[in-house]
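Student: Chain by chain, the residues run as shown.
2 protein chains.
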Amino acid sequence: MKRRFRPEEYAQKLLEGDIVMLSQAITLVESRLESDRLIAEKLMEIILPHVGKSIRVGITGVPGVGKSTFIESFGSLIANQGHKLAVLTIDPSSQRSGGSILGDKTRMESLSNHPNAYVRPSASGHSLGGVQEKTRETMLLCEAAGFDVILIETVGVGQSEVAVEGMVDFFLLLMLSGAGDELQGIKRGIMEIADSLVITKSDGDNIDRSKLAARQYQNALHLFPPSDSGWIPKVMTCSAVENSGLDHIWNTIKEYESLCKSNGYFGEKRASQNLKWLKENIQSKLNQMFYQDEGMAFLMKNIERQVSNDVLPVNVGVRQLMEYFLNNRKEGVKD
Amino acid sequence: MKRRFRPEEYAQKLLEGDIVMLSQAITLVESRLESDRLIAEKLMEIILPHVGKSIRVGITGVPGVGKSTFIESFGSLIANQGHKLAVLTIDPSSQRSGGSILGDKTRMESLSNHPNAYVRPSASGHSLGGVQEKTRETMLLCEAAGFDVILIETVGVGQSEVAVEGMVDFFLLLMLSGAGDELQGIKRGIMEIADSLVITKSDGDNIDRSKLAARQYQNALHLFPPSDSGWIPKVMTCSAVENSGLDHIWNTIKEYESLCKSNGYFGEKRASQNLKWLKENIQSKLNQMFYQDEGMAFLMKNIERQVSNDVLPVNVGVRQLMEYFLNNRKEGVKD
Numbered sequence: 001m002k003r004r005f006r007p008e009e010y011a012q013k014l015l016e017g018d019i020v021m022l023s024q025a026i027t028l029v030e031s032r033l034e035s036d037r038l039i040a041e042k043l044m045e046i047i048l049p050h051v052g053k054s055i056r057v058g059i060t061g062v063p064g065v066g067k068s069t070f071i072e073s074f075g076s077l078i079a080n081q082g083h084k085l086a087v088l089t090i091d092p093s094s095q096r097s098g099g100s101i102l103g104d105k106t107r108m109e110s111l112s113n114h115p116n117a118y119v120r121p122s123a124s125g126h127s128l129g130g131v132q133e134k135t136r137e138t139m140l141l142c143e144a145a146g147f148d149v150i151l152i153e154t155v156g157v158g159q160s161e162v163a164v165e166g167m168v169d170f171f172l173l174l175m176l177s178g179a180g181d182e183l184q185g186i187k188r189g190i191m192e193i194a195d196s197l198v199i200t201k202s203d204g205d206n207i208d209r210s211k212l213a214a215r216q217y218q219n220a221l222h223l224f225p226p227s228d229s230g231w232i233p234k235v236m237t238c239s240a241v242e243n244s245g246l247d248h249i250w251n252t253i254k255e256y257e258s259l260c261k262s263n264g265y266f267g268e269k270r271a272s273q274n275l276k277w278l279k280e281n282i283q284s285k286l287n288q289m290f291y292q293d294e295g296m297a298f299l300m301k302n303i304e305r306q307v308s309n310d311v312l313p314v315n316v317g318v319r320q321l322m323e324y325f326l327n328n329r330k331e332g333v334k335d
Numbered sequence: 001m002k003r004r005f006r007p008e009e010y011a012q013k014l015l016e017g018d019i020v021m022l023s024q025a026i027t028l029v030e031s032r033l034e035s036d037r038l039i040a041e042k043l044m045e046i047i048l049p050h051v052g053k054s055i056r057v058g059i060t061g062v063p064g065v066g067k068s069t070f071i072e073s074f075g076s077l078i079a080n081q082g083h084k085l086a087v088l089t090i091d092p093s094s095q096r097s098g099g100s101i102l103g104d105k106t107r108m109e110s111l112s113n114h115p116n117a118y119v120r121p122s123a124s125g126h127s128l129g130g131v132q133e134k135t136r137e138t139m140l141l142c143e144a145a146g147f148d149v150i151l152i153e154t155v156g157v158g159q160s161e162v163a164v165e166g167m168v169d170f171f172l173l174l175m176l177s178g179a180g181d182e183l184q185g186i187k188r189g190i191m192e193i194a195d196s197l198v199i200t201k202s203d204g205d206n207i208d209r210s211k212l213a214a215r216q217y218q219n220a221l222h223l224f225p226p227s228d229s230g231w232i233p234k235v236m237t238c239s240a241v242e243n244s245g246l247d248h249i250w251n252t253i254k255e256y257e258s259l260c261k262s263n264g265y266f267g268e269k270r271a272s273q274n275l276k277w278l279k280e281n282i283q284s285k286l287n288q289m290f291y292q293d294e295g296m297a298f299l300m301k302n303i304e305r306q307v308s309n310d311v312l313p314v315n316v317g318v319r320q321l322m323e324y325f326l327n328n329r330k331e332g333v334k335d
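Which chain is which? The protein sequence lines are A and B, in order.
All residue numbers in the first sequence are consecutive under UniProt numbering, ending with 335.
All residue numbers in the second sequence are consecutive under UniProt numbering, ending with 335.
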């Protein structure tokens, strides 16, 4: 077991911008030990008045779109401007052990070595709900440590885009120039909730094609329902290898921030994200209570099979499961 | 209290296509009485082998798009072809009392009087989850009574479109010709999950504009991520008052049905909808357990305020709520 400090010690060093302590605090937050959880909760309470002073940007896109290269170049641009940048990843499929972050380290080598940047991979071994919770807390720790730009990358499969959209201010979708097959991996509905699209790899003989794609998407976005923010999503092109278009993207994000801070949407969205986080957290605790019993898992499998084959009505299945739950539940909730 | 029958009596009359008994069975399913619930559960078990033999179509669109007029004309076309058509509504905001369905009756007067059609308004006084559950069971009752086309209309506000999308085979979005303001009421992400769009009110001097809009939307849809069904969403125009374009829409739905039945998607989607329904039902029961205590409502309000104002960390709020729940919970679950 690693060394632990008092919550006040973590907090003080964090607020001084101590990066080693930041990493240790994140490890603390990711820990499943009850004793760690109590320290972590106290720590979160102490730092709470010091969080929130960043712009939180979510980035997603299908595999092959060039997310790592984009974040490496885009992140360097931001860090070079004097911002303190933290890069986090939401990846529920990650099987990395707590200590081994070699994959991500090599993936974003130059950014990781930048004095203004901090790259931290996903909490491993958690469910999506767990990863999401840990990532949100990690984000707050980074803010307490003085990071004023947070990039949260998702692996772009299944529900993780929705999870990241629920914790960021601005949601960026990276796309390739040719419409069609490469959209296969994008969850339906995601394009419509993105705050901007970026066509990547706009270099060499791909420039014309990506500019055309950008125009097409821009036209399509005009037909979408508008966002409550009053923001009209933009479609941009960039080349991470040629470092072109990245400043335009960064300026767009700042423009969005300034619009939404002036019309009050920025704060409203964060408040509603907090409430949603609270509700989801309770939901996930209730689910843990419900599913922690091994007999329940067996019964559930059985009922799922019958329900999906239409041989048992859903409401009867629900009643059987609830009866089992009420007769067999254990006290307390484990994380 | 109204008269109740034995489950077998309901079932027998239902399977004979008795419409009066169908209405009474729906009232039974919508009832909150424990004694009714037990009869309803048994009834659902008996009819289960006889349900599912319909095409389930969801219809949504912003207020003003002409949903009622569309359903009246479109429904008449279907009923005139000899299909037995049931029209249900999901409207969680509905405050109608159980008996008064005057609003909907007048709204779709000619369809209601059609011998092949059955129009039933939303279950009132329920939460969205409750409305959704009752609507699904009502749909199954209609199928047992021999209805082979089910139209489920949503009022097109908030979450009800997502709810209806989770219980139908085909999801139709009605739109007006001019892009822009009239999209305001559509939830973001809905366009992307629609199986087809219909531009309404394509008559008089609006024909050119609606044809142009249809082309624009069709182009935009090509840029969307494809559906797992292999189906490419179509954009159509229609005029409910001139009865034009309606047969094309109905043929499109039949084309979709035939494609998805031949590639297996039809059955897969229904099975996964059943499983999702099971999960959501359990979730809503757990939530009822959690929130049924009055002291909890008070504590929740207090914690929500602190969390949205960033003076209490979410995880601490969750712990306080869970502790209260575990110390104060009552036995049993009420509906």
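None of these hints come from the bench; they were simulated from the model.
Don't take every hint at face value.
As the list claims (entries may be wrong) - Keeping only pairs whose Cα atoms sit at most 30 Å apart, straight-line, the calculated BS3-like set for lysine-lysine is:
{"#": "1", "chain 1": "B", "residue 1": "42", "chain 2": "A", "residue 2": "187"}
{"#": "2", "chain 1": "B", "residue 1": "187", "chain 2": "B", "residue 2": "234"}
{"#": "3", "chain 1": "B", "residue 1": "254", "chain 2": "B", "residue 2": "276"}
{"#": "4", "chain 1": "B", "residue 1": "261", "chain 2": "B", "residue 2": "53"}
{"#": "5", "chain 1": "A", "residue 1": "254", "chain 2": "B", "residue 2": "187"}
{"#": "6", "chain 1": "B", "residue 1": "254", "chain 2": "A", "residue 2": "276"}
{"#": "7", "chain 1": "B", "residue 1": "279", "chain 2": "A", "residue 2": "234"}
{"#": "8", "chain 1": "A", "residue 1": "53", "chain 2": "A", "residue 2": "279"}
{"#": "9", "chain 1": "A", "residue 1": "134", "chain 2": "B", "residue 2": "53"}
{"#": "10", "chain 1": "A", "residue 1": "276", "chain 2": "A", "residue 2": "134"}
{"#": "11", "chain 1": "B", "residue 1": "261", "chain 2": "A", "residue 2": "134"}
Student: If you draw a straight line from the CA of residue 254 of chain B to the CA of residue 276 of chain A, is it 30 Å or shorter?
Tutor: Violated - the C-alpha atoms of residue 276 of chain A and residue 254 of chain B are around 40 Å apart, more than 30 Å.
Student: Given the proposed pairing of residue 279 of chain B with residue 234 of chain A, does the C-alpha separation stay at or below 30 Å?
Tutor: violated, 37 Å
Student: Against the 30 Å threshold, does the CA-CA distance of residue 187 of chain B and residue 234 of chain B hold or violate the hint?
Tutor: Satisfied, since the Cα-Cα distance of roughly 20 Å is no more than 30 Å.
Student: Sort out whether residue 134 of chain A lies within 30 Å of residue 261 of chain B, counting only the CA atoms.
Tutor: Cα-Cα ~42 Å, so violated.
Student: Between residue 261 of chain B and residue 53 of chain B, is the straight-line Cα distance small enough, at 30 Å or below?
Tutor: Given pair residue 261 of chain B, residue 53 of chain B holds - Cα atoms ~12 Å apart, limit 30 Å.
Student: Could you grab the alpha-carbon distance between residue 276 of chain A and residue 134 of chain A and see if it respects the 30 Å cut-off?
Tutor: holds, 15 Å
Student: Take a quick look at whether residue 134 of chain A and residue 53 of chain B sit within 30 Å of each other, Cα to Cα.
Tutor: violated, 46 Å
Student: Is residue 254 of chain B within 30 Å of residue 276 of chain B, Cα to Cα?
Tutor: Holds, at roughly 25 Å.
Student: Has the given pair, residue 53 of chain A with residue 279 of chain A, been kept, meaning a C-alpha gap of at most 30 Å?
Tutor: holds, 24 Å
Student: Quick one, are residue 254 of chain A and residue 187 of chain B close enough, alpha carbons at most 30 Å?
Tutor: Given pair residue 254 of chain A, residue 187 of chain B holds - Cα atoms ~26 Å apart, limit 30 Å.
Student: Can you confirm whether the C-alpha distance between residue 42 of chain B and residue 187 of chain A stays at or below 30 Å?
Tutor: Given pair residue 42 of chain B, residue 187 of chain A is violated - Cα atoms ~38 Å apart, limit 30 Å.
Taken one by one, the earlier hints fail for this structure at numbers 1, 6, 7, 9 and 11, listed in ascending order.
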